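Enquirer: Sequence:
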Amino acid sequence: MIPFTTMSCRVGNGIKTRLMKDHCLEGNLVMERYFTLYQIVVHKNCFIADRKQDNHWLWNWIMPITTPLENVQFLELWSILDHFTFSNDIDGWTWDLDDVGLFTVKYTRKYNEDLMLHSKDEPTFWNKFVPKKVNIFS
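Following the working numbering, the numbering of the sequence shown begins with 38 at its first residue and continues without gaps.
Simulated from the structure, these hints should not be mistaken for lab results. Quick caveat: nothing in here was measured; it's all calculated off a predicted structure. Ideal Cβ positions, reconstructed from N, Cα and C, are used throughout, including at glycine. It is possible that some hints are incorrect.
[Stated by the list, open to error] Now the in silico label distances, taken between C-beta atoms and shown as ranges: (1) 92 with 149: 41 to 47 Å; (2) 63 with 104: 20 to 26 Å; (3) 81 with 166: 37 to 43 Å; (4) 112 with 142: 38 to 44 Å; (5) 99 with 150: 45 to 51 Å.
[As the list claims (entries may be wrong)] Taking lysine to any residue and the SDA-like style, the derived pairs with C-alpha atoms no more than 25 Å apart in a straight line are: (6) 58 with 75; (7) 58 with 113; (8) 147 with 132; (9) 89 with 49; (10) 81 with 124; (11) 81 with 136; (12) 53 with 77; (13) 58 with 47; (14) 89 with 113; (15) 81 with 94; (16) 81 with 147; (17) 58 with 44; (18) 58 with 102; (19) 58 with 98; (20) 58 with 147; (21) 53 with 72.
Required output: the full structure, derived from the provided sequences and hints.
Expert: Structure representation (C-alpha cells):
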C-alpha cells in the first residue's frame, strides 16, 4: 500500500484544486484542519482560484464568524493564504517515490515490490485478466 503522505498537491493557477477538499495547504485538508470554518462556508467545493480575485480573498459564510474558535481558525487560515501566490502552471500532484516527483506505474510497482516481496530473485506474477494499474493498486 502506498501511503498518502508520499503525495502532495502542487497549486499553480488554482483552477483545479479545491480549497476545502484537497490536500493543498501544507499537506492538510482544510475541511479537517479548519472544520468549524468548513461547517459555515457556503461553497464547500470551490476552487482556490474562485476564492482569490484582484489580490483579495473572497468568502461566503452561512453566518458571520463569531465564536472564538472560528476566529482562531480563520486567522490561522488567513496567515497561510496571505502568503499564497498563483503561477501560470496547472495544478497537479507530486510524489516522492521517484526523483522526478511524477507518478509512474514503474515506481509504484518498484515501491510495492520492495515493500512486500521477500526476495528480489522471485519474479512478480501478474493476473493477465486484470489491467496492469489495477494489479499494482489491488
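Enquirer: For this structure, which hints from the list above don't hold up?
Expert: 11, 16, 20
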